[in-house]
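Enquirer: Here is what each chain is made of, one letter per residue.
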Amino acid sequence: MENKNKITFSRRNFIRTSALASGGLLIGFNFFNSCKEAAVPPVDVSKLNFNDFNAFIKIADNGYVTIFSPNPEIGQGVKTSMPMLIAEELDVPWEHVSVEQGALDTENFQRQVAGGSQSIRFGWDALRQTGATAKQMLVNAAAAKWGVDASSCTASDGIIKNSNGDQLSYGDVVNEAATLEVPEDVTLKLPKDYKIIGKDAINVDIDDIITGKPLFGLDYKTDGMLYASVLRPPAFGQILESYDASEAKALSGVIDVIVIGEKARNYLNQEKFDPSAHWSVRLSESDKVVVIGKTTWDVIKGKKAIKAIWKNKSLTESTELHDKKLNDLLNGKEFDTRRSDGNVKKAFANADKVIERVYESPFLPHNCMEPMNFYADVKNEKVHLVGPIQTPEAAAKVVASLLNRNIEDVHVDMTRMGGGFGRRLYGDFVYEAAEISDKIKQPVKLVSTREDDMALGVYRPAIKYKIAAAIKDNKISGYHLKEAAINSNMYGLIPHFFPAGAIENYQVDTANYQSNITTGAWRAPYTNFLAFAEQSFIDELADELNIDPVQLRLDLLKEVKDGEDPNIQYSAKRMSDTIKLAAEKGNWRKTSDNVFQGFAAYYSHNTHVAEVVDITMKNGQPSIDKVTVAVDCGIVVNPTGAKNQIEGGVIDGIGHAMYGDFSFENGQPQDVNFNTYRLIRMKETPIVETHFVKNELSPTGLGEPGLPPAGGALANAIKAATGEVLTKQPFITSLKNLQTDLKV
Amino acid sequence: MASYNLKVNGKKVSIEADSDTPLLWVLRDELNLVGTKYGCGIGQCGSCTVHVDGVATRSCLLPASGLEGSEITTIEGLAKDKLHPVQHAWKALDVPQCGYCQAGQIMTATSFLKQNPNPNNEEIRNAMHGNLCRCASYNRIEKAVALAAKKMS
Ligand code: FES
Ligand code: FES
Chain X
14 MENKNKITFS
24 RRNFIRTSAL
34 ASGGLLIGFN
44 FFNSCKEAAV
54 PPVDVSKLNF
64 NDFNAFIKIA
74 DNGYVTIFSP
84 NPEIGQGVKT
94 SMPMLIAEEL
104 DVPWEHVSVE
114 QGALDTENFQ
124 RQVAGGSQSI
134 RFGWDALRQT
144 GATAKQMLVN
154 AAAAKWGVDA
164 SSCTASDGII
174 KNSNGDQLSY
184 GDVVNEAATL
194 EVPEDVTLKL
204 PKDYKIIGKD
214 AINVDIDDII
224 TGKPLFGLDY
234 KTDGMLYASV
244 LRPPAFGQIL
254 ESYDASEAKA
264 LSGVIDVIVI
274 GEKARNYLNQ
284 EKFDPSAHWS
294 VRLSESDKVV
304 VIGKTTWDVI
314 KGKKAIKAIW
324 KNKSLTESTE
334 LHDKKLNDLL
344 NGKEFDTRRS
354 DGNVKKAFAN
364 ADKVIERVYE
374 SPFLPHNCME
384 PMNFYADVKN
394 EKVHLVGPIQ
404 TPEAAAKVVA
414 SLLNRNIEDV
424 HVDMTRMGGG
434 FGRRLYGDFV
444 YEAAEISDKI
454 KQPVKLVSTR
464 EDDMALGVYR
474 PAIKYKIAAA
484 IKDNKISGYH
494 LKEAAINSNM
504 YGLIPHFFPA
514 GAIENYQVDT
524 ANYQSNITTG
534 AWRAPYTNFL
544 AFAEQSFIDE
554 LADELNIDPV
564 QLRLDLLKEV
574 KDGEDPNIQY
584 SAKRMSDTIK
594 LAAEKGNWRK
604 TSDNVFQGFA
614 AYYSHNTHVA
624 EVVDITMKNG
634 QPSIDKVTVA
644 VDCGIVVNPT
654 GAKNQIEGGV
664 IDGIGHAMYG
674 DFSFENGQPQ
684 DVNFNTYRLI
694 RMKETPIVET
704 HFVKNELSPT
714 GLGEPGLPPA
724 GGALANAIKA
734 ATGEVLTKQP
744 FITSLKNLQT
754 DLKV
Chain R
99 MASYNLKVNG
109 KKVSIEADSD
119 TPLLWVLRDE
129 LNLVGTKYGC
139 GIGQCGSCTV
149 HVDGVATRSC
159 LLPASGLEGS
169 EITTIEGLAK
179 DKLHPVQHAW
189 KALDVPQCGY
199 CQAGQIMTAT
209 SFLKQNPNPN
219 NEEIRNAMHG
229 NLCRCASYNR
239 IEKAVALAAK
249 KMS
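Going line by line, the protein sequences match chains X and R.
Just so we're aligned, residue 14 is where the first sequence starts under the numbering used here, counting upward by one.
Just so we're aligned, residue 99 is where the second sequence starts under the numbering used here, counting upward by one.
Be a bit skeptical, because a hint or two may be false.
Stated by the list, open to error - Derived BS3-like pairs: lysine-lysine, alpha-carbon spacing no greater than 27 Å straight-line:
(1) X:K639 / R:K241
(2) R:K249 / X:K696
(3) X:K226 / R:K212
(4) X:K212 / R:K248
(5) X:K234 / R:K105
(6) R:K110 / X:K307
(7) R:K241 / X:K598
(8) X:K212 / R:K249
(9) R:K241 / X:K212
(10) R:K241 / X:K631
(11) R:K248 / X:K696
(12) X:K696 / R:K241
(13) R:K189 / X:K208
(14) R:K248 / X:K639
(15) X:K226 / R:K109
(16) X:K234 / R:K110
(17) X:K226 / R:K110
(18) R:K212 / X:K696
(19) R:K178 / X:K226
Honestly, the hints are just simulated from the structure, not real lab data.
Produce the entire structure from the sequences given, and follow the hints as far as they go.
Expert: Dropping the structure here:
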């Protein structure tokens, strides 16, 4: 994690250059793989080829820099922060840099996209290295022109100078630079010399967004494109029995009504199907009725006019059943032990006191503001797919397999995405769009209504945690966490997150129930609820031990030696510093009497975050006024973008903890639109104040880590105000009961 | 199917649509004005907000056939030669995250500020309460409305 300023990359392997026909230098680079032997950037920017390169930098002969990236924006600001890294090391004024998304109709490419919160972590070295290499090439070109040694030259703000006082701008030497070898050794700047990193840079797409330019998948159109709306089984566990489309077909805007599903089923049944990779294909188990029409409204109306009969194929499950199954698992004996320190059994047997709580969370839909949609044009020669998807390669692979095509003939172009939150990792709607276009032999846009979107979820699964602590001599001597979840359990190193490492006898066990309801990643998977459970529990332990909850966390962290356990990724030092900063900036327990505070701290996605929530009580209900956040994400590349992510994550965490509720009855989701499904709105939002721990460590992700601590900090504030311990999300249900109690 | 004459962003346009077609889909699919967004179709999210005779209106529930003679303004028509002060404030405070809801937010804010040029924070919160932002850029929206009000006064 140390921030080294010299890295050994083989530049030749990942950077290639060409001289543009129109003048200027084009640099192509690929830092996921090394470039193919024969790969050279084109001499015309309209022919960029993202098959061989991740991105291109064009330096024009006026010195202006354009960065072409094939990766669209999902809302996490990486389209702004990643070019900042290049510009910093290239040393050009940020105002001279523009960022363009690679042209949409590029042929023959496979894009590689790092997942949201991880992009900056992976790009940090490679992008700076690329910028520095480009700068060195320009310096070498200038030195050759002057006939001086390159080491006697310096470059900054787009100008190269030598010791004789001569100067040339980058634009003056681009054509020469294009003919030189890519230098092997370059030195990166020290953080103290940064001019762009660490300064606010406004979202590079801002003008297009605020003036309503076409950016998103739903905005994408081609001539002659038709629209398609898909009627799917209303309940998980059901399949299509029969349908009557006569009324729909009679509508003037409806062109056809077809059935799809066979291709997806064949794909599911084939031997090489890997359900873990393409989980959401399960949404394609049933036949589906598809209305094809001239406009979106035509197909929305057409779909309403279809009369379909569905039959049960497998169990149609309800929330009540899930509740029972998860409780049975928690109380049962069948667990996978995921971490075990010391002897938990003994610690509990010898305890003076045992405290135990069960925490419960519901399923949650993602509800991206832009509903799922995709464009597909399946032709004999090739397949063109366009839309908002985070996993274009996987989508292309499945579609190739589904339609029995070569992967080279399937091209996926990505648009900007109206939110992701994990939902767009799954390509079910891409496969459907491809199957539809294949069947009607026309370009088509699959559109979802909000109702479709909420009901075809790849939901966050319902989860329950049972946490028990053993107290001995006024110390926590044992800690036992059990997870019961639907379909899958906490992954990777999550079992080793705090407070793992801080308590001598420690155990994490998991168990799951297999449901036919599709589930998947949802912003900060698992930790989005686990952090609430643990951080609420730790608060109760503090009450029990009669110690300030912030102090208890700091005391626990003193037990952890950084670097001792390779599974423990959080740093006790960084976490302690983050906690202290939040407590200081949030005036922890120093506010006026009517303000109640709650605290939580959590490490996830390589970032340490601590939060103080301030509430006041109004008419027996909490008004969530303010959240003070401290974040250690290493070097903050773009403060305005970073704060935006934290503000969003915190409010999202509070919103879903307060209101997020989603249940099933006979396999059917009980909410399908925002009239009954409640999302947090303006009047319910706290003011979020973000502070960064200052250091010079490599940057880490921000899209997700702000969310996990928010629910716990809020629950702890409500406990401080009312004495009520909230163990079940959404809080609003318990709070309503609380109000009734108070009235009685 | 019938034809209607509408006035959108100062231009007269004639459209062919079923009488029940909401303005939203006429704008997006017929007139290629895709800045106005679909989010829920039932008047709950505000993504589809446009101005009808200067008043912020949800276009997802409003049949276009009843709008002959009205002045319709969409996000594309808000900036005349230069950005509207509300757009400026959005830019200055770097409001958007994914950006999908923002056209609707801006249309709500501009119409609100016309009615109430000097709002306090509570009035801003009330006015913007009907517009969902799934990315929760609410803090910045609130600040940007206040900033625009200040700049416009
Ligand atoms: S789309 Fe009109 S209010 Fe949501
Ligand atoms: S910015 Fe994404 S929904 Fe508002």
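Enquirer: Take the C-alpha atoms of K639 of chain X and K241 of chain R, compute the straight-line distance between them, and say whether it is at most 27 Å.
Expert: Judged against 27 Å, a Cα distance of about 15 Å means the pair holds.
Enquirer: Do the alpha carbons of K248 of chain R and K639 of chain X lie within 27 Å of each other, as the hint requires?
Expert: holds (24 Å)
Enquirer: Is the hinted pair K178 of chain R and K226 of chain X satisfied, with a Cα-Cα distance of at most 27 Å?
Expert: holds (15 Å)
Enquirer: Is the straight-line distance between the alpha-carbon of K249 of chain R and that of K696 of chain X 27 Å or less?
Expert: Cα-Cα ~24 Å, so holds.
Enquirer: Mind checking the alpha carbons of K234 of chain X and K105 of chain R for me, to see if they're no more than 27 Å apart?
Expert: holds (24 Å)
Enquirer: Does K248 of chain R pair with K696 of chain X here, judged by a C-alpha cut-off of 27 Å?
Expert: holds (21 Å)
Enquirer: Compare the distance between the alpha carbons of K234 of chain X and K110 of chain R with 27 Å, and conclude whether the hinted pair is satisfied.
Expert: Within the cut-off at roughly 23 Å; holds.
Enquirer: Would the hint linking K241 of chain R and K598 of chain X be met if the CA-CA limit is 27 Å?
Expert: holds (21 Å)
Enquirer: Against the 27 Å threshold, does the CA-CA distance of K212 of chain R and K696 of chain X hold or violate the hint?
Expert: Satisfied, since the Cα-Cα distance of roughly 21 Å is no more than 27 Å.
Enquirer: Run the distance test for K226 of chain X versus K212 of chain R: straight-line Cα separation, threshold 27 Å.
Expert: holds (24 Å)
Enquirer: Are the Cα atoms of K241 of chain R and K212 of chain X separated by 27 Å or less?
Expert: holds (20 Å)
Enquirer: Check the hint pairing K110 of chain R with K307 of chain X against an upper bound of 27 Å on the C-alpha distance.
Expert: Roughly 23 Å separates the two Cα atoms, so the pair holds.
Hint violations for this structure: none, all hints satisfied.
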